[in-house]
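Residue numbers (full-length UniProt numbering): 1 to 485.
Since the hints were derived computationally from the structure, they do not count as laboratory data.
Glycine is no exception: its CB is placed at the ideal position from the N, C-alpha and C atoms.
Below are the SDA-like pairs computed for lysine to any residue, each with C-alpha atoms no more than 25 Å apart in a straight line:
1) 165 - 216
2) 362 - 396
3) 362 - 342
4) 193 - 261
Using C-beta positions, here's what the derived DEER-type ranges look like:
5) 233 - 332: 42 to 52 Å
6) 292 - 31: 37 to 47 Å
7) 369 - 349: 31 to 41 Å
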Amino acid sequence: MFVDFGFVIIMTIQVYNTLSGELEVFEPLEEGKVGMYVCGTTDYDNIHLGHARTYVAYDMMVRYFEWKGFDVKYIQNITDVGHLTDEGEDKVEKRAKRERTHPMEIVEYYMRKHLEDVDDLKIKRPDIMPRATGHLIDMVEAVEDLVEKGFAYEVNGSVYFDVSKLDGYGELSNIVFDDLEESGRVESSGDKKDPRDFALWKKAGEDQLMSWPSPWGEGFPGWHIECTVMSTKYLGEKFDIHGGAIELGFPHHENEIAQGKALCGTDPVRYWVHTGLLNVGGEKMSKSKGNFITVREALDEHSPEVLRLWILSSHYRSPVDYTEDKIREARTELDRILNFLERLHRHKGEGVKGRLSELVDKLVVDFEMKMDRDFNSPEAFSLIFQFIKEANKKLDNNDYGEADPEYVIERLEELLGIFGVVPENYFDEDIEEDVVEEILDEILDLREELREQGEYDVADEIRDRLNKAGVEIEDCDDPTWKLKK
1 MFVDFGFVII MTIQVYNTLS GELEVFEPLE EGKVGMYVCG TTDYDNIHLG
51 HARTYVAYDM MVRYFEWKGF DVKYIQNITD VGHLTDEGED KVEKRAKRER
101 THPMEIVEYY MRKHLEDVDD LKIKRPDIMP RATGHLIDMV EAVEDLVEKG
151 FAYEVNGSVY FDVSKLDGYG ELSNIVFDDL EESGRVESSG DKKDPRDFAL
201 WKKAGEDQLM SWPSPWGEGF PGWHIECTVM STKYLGEKFD IHGGAIELGF
251 PHHENEIAQG KALCGTDPVR YWVHTGLLNV GGEKMSKSKG NFITVREALD
301 EHSPEVLRLW ILSSHYRSPV DYTEDKIREA RTELDRILNF LERLHRHKGE
351 GVKGRLSELV DKLVVDFEMK MDRDFNSPEA FSLIFQFIKE ANKKLDNNDY
401 GEADPEYVIE RLEELLGIFG VVPENYFDED IEEDVVEEIL DEILDLREEL
451 REQGEYDVAD EIRDRLNKAG VEIEDCDDPT WKLKK
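Based on the sequences and whatever the hints tell you, model everything.
Below is the structure:
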């Protein structure tokens, strides 16, 4: 794109690819379009701030791609069966047994609460939110394909992926496999040939609440095959971006790469993009530590805009720490933004000279350069605050043109909309005028009391200061005020 500063800037997005460990130029498979899949939630409990940290980040990416003119197809699954370790218990089923109800009742209840929470957090819903149980036929067919190609084997009604048949397993996480079994990150089983092998299909136990027929008997899908099947079903055997929290890198995403290579001949994903973890008070959030915070609890205390600003004030790949100081800082920064926007609204149609519009045009260019470098939201925010500081000086000195305030509002709201930090209807002119009238009436009443007490110097000082602010007081039996034109 050409920018009228005497030089040309080529705007290209760079993303950090976890697989290569490098910043790479983003080159979509199809010009002008982005296909993105992000691992969704297992809806057996309320979503927490860790989920918010992840999904706000990808929401920001989607908004930025769209701002750049891309058509984004965004898929985020819902895991309603199969989220377990090879020898573990399905999380949904475990909750259902505890509450003595059907697993789908658990999923429906928490899925609706999950959607309410993300809506209230101003996260745009993905284009498709496929559920695992709606794709069981696809999963069975994929597992059959893996068995036929020699990448999987069946033992006693369960089917496992044979890691030894695939070169390069572990390239995403760079895991040292000799240490895995000792650390408990892979589990041994009498059925598996190798501890690294993972379940594609599990045989149903006698007390299994959710199971389906398959060529290997009654059972249910493994967690990893779900995302491979759903991502390629809706985005094709090659797509642009796969996202998720960094803790999903191993084993989930590592196993997705293995399945994808075996099924498609190559990894379906071009860019693996991961978000950093969430800490609370410097420690990893966990129920056992008593520092577990749900999204709903956070929204009961703070506005969605404050929470989003707090999250996006850190780079999406960096850890984010939830502390009261950080939240207060985000609230202060949001107030600074809104106060500036409100000030611009009050100055609409004013101004004689100046180049405030040129200042915001430069901000847009600089903002885009920062965001193009791996969605660098903290540096983009820094540019916005620097602009506000400089623009306030111009407003103080009446150094702006008549059309400047409205133009700046439009461009600034556009940039801030990428972060979702501006409340709807944040400025209501009628309400503003009512508040001003109430405040000035109260000041006049106070001033009249001072005059009655003989405090004429203080009363005159109030009158003079109001006059400088554009408010003219008329002293009479019933003092009144009016705004100077």
